[in-house]
Amino acid sequence: MSVVFDFFKYIIDLGVSVMMPIIITILGVVFGRKLTVSFKAGLTVGIGFIGINVMSGVMMNAITPVTKALVERYNFSLTATDIGWGIGSSIAWGTPVVPFVFLAIIATNIIMLMFNLTKTMDVDIWNYWQPLFISSALYLTTGSMILAVLSAVINMAIIFKLADWTQKDVSEVLGLEGISLPALQTTGWAVLGYPMNWLLDRIPGINKINWTTEKIQQKLGIFGEPMMMGLIIGGLLSAVAGMPVSDVLTTAVSIAASLVLIPRMVSLLMDGLIVISEAAQEFMEKRFEGREIHIGLDAALGIGHPFVLSLGLLMIPITLVLAFILPGNKTMPLADLTALPFYMIFAILPSKGNLFRGVITGIFIAAITLYISGIAAPIMTGLAADIGYQIPGGATEITSLAVGTQWYSWIVYYVLSLLA
Amino acid sequence: MNRKRIYVCCGTGIATSTVIVKKVSEFLNENNIPFDISQCIVSDVPSKVANKKPDVVISSTTISADLGGVPVVLGRSFLTGIGRDKTKQELREILGF
Numbered sequence: 001m002s003v004v005f006d007f008f009k010y011i012i013d014l015g016v017s018v019m020m021p022i023i024i025t026i027l028g029v030v031f032g033r034k035l036t037v038s039f040k041a042g043l044t045v046g047i048g049f050i051g052i053n054v055m056s057g058v059m060m061n062a063i064t065p066v067t068k069a070l071v072e073r074y075n076f077s078l079t080a081t082d083i084g085w086g087i088g089s090s091i092a093w094g095t096p097v098v099p100f101v102f103l104a105i106i107a108t109n110i111i112m113l114m115f116n117l118t119k120t121m122d123v124d125i126w127n128y129w130q131p132l133f134i135s136s137a138l139y140l141t142t143g144s145m146i147l148a149v150l151s152a153v154i155n156m157a158i159i160f161k162l163a164d165w166t167q168k169d170v171s172e173v174l175g176l177e178g179i180s181l182p183a184l185q186t187t188g189w190a191v192l193g194y195p196m197n198w199l200l201d202r203i204p205g206i207n208k209i210n211w212t213t214e215k216i217q218q219k220l221g222i223f224g225e226p227m228m229m230g231l232i233i234g235g236l237l238s239a240v241a242g243m244p245v246s247d248v249l250t251t252a253v254s255i256a257a258s259l260v261l262i263p264r265m266v267s268l269l270m271d272g273l274i275v276i277s278e279a280a281q282e283f284m285e286k287r288f289e290g291r292e293i294h295i296g297l298d299a300a301l302g303i304g305h306p307f308v309l310s311l312g313l314l315m316i317p318i319t320l321v322l323a324f325i326l327p328g329n330k331t332m333p334l335a336d337l338t339a340l341p342f343y344m345i346f347a348i349l350p351s352k353g354n355l356f357r358g359v360i361t362g363i364f365i366a367a368i369t370l371y372i373s374g375i376a377a378p379i380m381t382g383l384a385a386d387i388g389y390q391i392p393g394g395a396t397e398i399t400s401l402a403v404g405t406q407w408y409s410w411i412v413y414y415v416l417s418l419l420a
Numbered sequence: 001m002n003r004k005r006i007y008v009c010c011g012t013g014i015a016t017s018t019v020i021v022k023k024v025s026e027f028l029n030e031n032n033i034p035f036d037i038s039q040c041i042v043s044d045v046p047s048k049v050a051n052k053k054p055d056v057v058i059s060s061t062t063i064s065a066d067l068g069g070v071p072v073v074l075g076r077s078f079l080t081g082i083g084r085d086k087t088k089q090e091l092r093e094i095l096g097f
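So the protein sequences, as listed, match chains Y and V.
Residue numbering for the first sequence follows this note's numbering, beginning at 1 and increasing consecutively.
Residue numbering for the second sequence follows this note's numbering, beginning at 1 and increasing consecutively.
The hints are simulated quantities; they were obtained by calculation from the structure and are not laboratory data.
One or more of the hints may lead you astray.
What the hints assert, rightly or not - Okay, derived cross-link-like pairs now, BS3-like style, lysine-lysine, Cα gap no bigger than 30 Å in a straight line: (1) K286/Y x K88/V; (2) K286/Y x K34/Y; (3) K22/V x K286/Y; (4) K22/V x K119/Y; (5) K22/V x K48/V; (6) K86/V x K4/V; (7) K4/V x K52/V; (8) K119/Y x K286/Y; (9) K330/Y x K68/Y; (10) K40/Y x K52/V; (11) K52/V x K88/V; (12) K330/Y x K286/Y; (13) K286/Y x K86/V; (14) K168/Y x K208/Y; (15) K53/V x K40/Y; (16) K168/Y x K88/V; (17) K34/Y x K53/V; (18) K88/V x K53/V; (19) K86/V x K119/Y; (20) K22/V x K40/Y; (21) K168/Y x K86/V; (22) K22/V x K34/Y; (23) K119/Y x K40/Y; (24) K119/Y x K88/V; (25) K9/Y x K34/Y.
Generate the whole structure from the sequences, applying the supplied hints.
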């Protein structure tokens, strides 16, 4: 027994780029894929991790001196930099909890489908990273694999129910027939979005205001492009930090490069996971043929809707301003600003496209997201160091708005932490 | 036959578009159609199309921006499996094979 355990420890200690190819290969074979196909998928994932490691180094080296200079110069309090969901997801997919949590999520889904507790068949394997992040965090802080797995079961059970309840609007308003969105970051906000809409509907005067979203996309579209976003924020921050022009220019370009290149590396992870995701999809479909089922897919499918995209773009400057004026906030929003539409779907869906109500609810979502991202920063920094990413020391921490925006999973995290 | 230029986009330019790129590439390879395929974010599409016009844009989500007459195909069936043949037929007609 101890030989097996020593072997696992040896593999885990070799780091994520060795461990994950092995895990993915095994999972692929378990789901009935050929060894060669599974191995190639696993290796692709390993390569993705190496790419992300290099690119996150580039980004950290560019942003850290800026944050330090800002801290020294202005007593700047936004010391947790949002380095984005790309790195957040790679951390979540890179810890030893992955195989156990992965199988537990699929089992949870199948059991809930069997007992008619949900209609959502979640084939969006990639976004398992959201519950996986919390599981990894619990494993880091409590060392308990049982709590890690339990957190994912709870988080996913909740999101399957929310995905069921919101499916009608997803179908009718976003036009995604037969599809539901079991994503913590997106559908978790339905819990706020619908009551807010109900409330705004009952305030005299306010309930008459209706803004539509035309033209916003053309005017703010440029902010939705990661390279422009990185260039502008990177340049502005380093200029305000009083760095010399040469540093301002190199920082701006480096941040722009990171925001373009990190996702490219993440797409390698995604590419490798397709083999597993297809196999899991077939496995589940075979078991529930002929049943009325909603296919659970990535919330990315809803992002293109004009009112979602417009609200997301409009929320970029608003979130930046909020970060600076909210008392006690320490999150510096950056990489995930371009992912805001994901968190905003349920700010505007309940009112079927009223931008005014979208902005009001969006402000609450952004504020809560900033605070939770700040709380998550030490955990994300610890996890990143744990799986071998180069995190420069000093006053700065890393975080991701995507991690902060999966709000209820952090309640699960804290409740389960108390049990440890 | 000319190389077909295809842009595939989704909300992240990573997630669902990677799956679609893979499926579309398989489909075109089976039919011996030469092609260049690239991925992007849905908000990036207008500027990408303005730089260089593709033969078709395949998206997992709605594209509301004006793409100046470039045909847009909804690629959701590559994710769900439902109606995939219809989408393939649509691609055949647009790309002319």
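Status of each hint after checking the structure:
1. A C-alpha spacing of about 24 Å is found between K286/Y and K88/V, which places the hinted pair at or below 30 Å, so the restraint holds.
2. Taken as a hint, the K286/Y and K34/Y pair is honoured in the structure, with Cα atoms around 19 Å apart against an allowance of 30 Å.
3. As the CA atoms of K22/V and K286/Y are separated by approximately 23 Å, the hinted pair is consistent with the 30 Å bound.
4. A distance of roughly 28 Å separates the Cα atoms of K22/V and K119/Y; the hinted pair therefore holds under the 30 Å criterion.
5. The straight-line distance between the Cα atoms of K22/V and K48/V is roughly 20 Å, inside the 30 Å bound, and the hint therefore holds.
6. Of the pairs offered as hints, the one joining K86/V and K4/V holds, with about 20 Å between alpha carbons and a cut-off of 30 Å not exceeded.
7. For the hint linking K4/V to K52/V, the alpha-carbon distance of about 12 Å falls within 30 Å, and the restraint holds.
8. For the given pair, K119/Y sits about 15 Å from K286/Y by alpha-carbon distance, which is consistent with the 30 Å threshold.
9. Among the hinted pairs, K330/Y with K68/Y is consistent with the structure: their alpha-carbon atoms are about 14 Å apart, no more than 30 Å.
10. Only pairs whose Cα atoms come within 30 Å are accepted, and K40/Y paired with K52/V is rejected, the gap being roughly 33 Å.
11. Under the criterion of a C-alpha separation no larger than 30 Å, the hint pairing K52/V with K88/V is consistent with the structure, at around 24 Å.
12. Straight-line distance between C-alpha atoms of K330/Y and K286/Y comes to about 48 Å, which puts the hinted pair past the 30 Å bound.
13. With a C-alpha separation of about 22 Å, the suggested pairing of K286/Y with K86/V holds against the 30 Å cut-off.
14. Distance hint between K168/Y and K208/Y is fulfilled; the C-alpha atoms sit about 25 Å from each other, no more than 30 Å.
15. A threshold of 30 Å between alpha carbons decides the hint, and for K53/V with K40/Y the separation of about 34 Å lies outside it, so the pair is violated.
16. Our distance criterion of 30 Å between C-alpha atoms is met by K168/Y and K88/V, whose separation comes to about 28 Å.
17. Distance hint between K34/Y and K53/V is unfulfilled; the C-alpha atoms sit about 39 Å from each other, more than 30 Å.
18. This hinted pair checks out: K88/V and K53/V have alpha carbons roughly 21 Å apart, not beyond 30 Å.
19. With a C-alpha separation of about 26 Å, the suggested pair K86/V and K119/Y falls inside the 30 Å cut-off, and the hint holds.
20. Note on K22/V and K40/Y: the hinted pairing holds, with a Cα-Cα distance of about 15 Å set against a maximum of 30 Å.
21. Between K168/Y and K86/V, the direct Cα distance comes to roughly 25 Å. Compliance with the 30 Å bound is thereby established for this hinted pair.
22. With a C-alpha separation of about 18 Å, the suggested pairing of K22/V with K34/Y holds against the 30 Å cut-off.
23. For the hint pairing K119/Y with K40/Y, the CA-to-CA distance comes to about 33 Å; that exceeds 30 Å, so the pair is violated.
24. In summary, the hint linking K119/Y to K88/V is supported, as the alpha carbons are separated by about 28 Å, within the 30 Å threshold.
25. Pair hint K9/Y plus K34/Y holds up; C-alpha atoms about 26 Å apart against a cutoff of 30 Å.
Of the hints listed earlier, those the structure fails to meet are numbers 10, 12, 15, 17, 23, in rising order.
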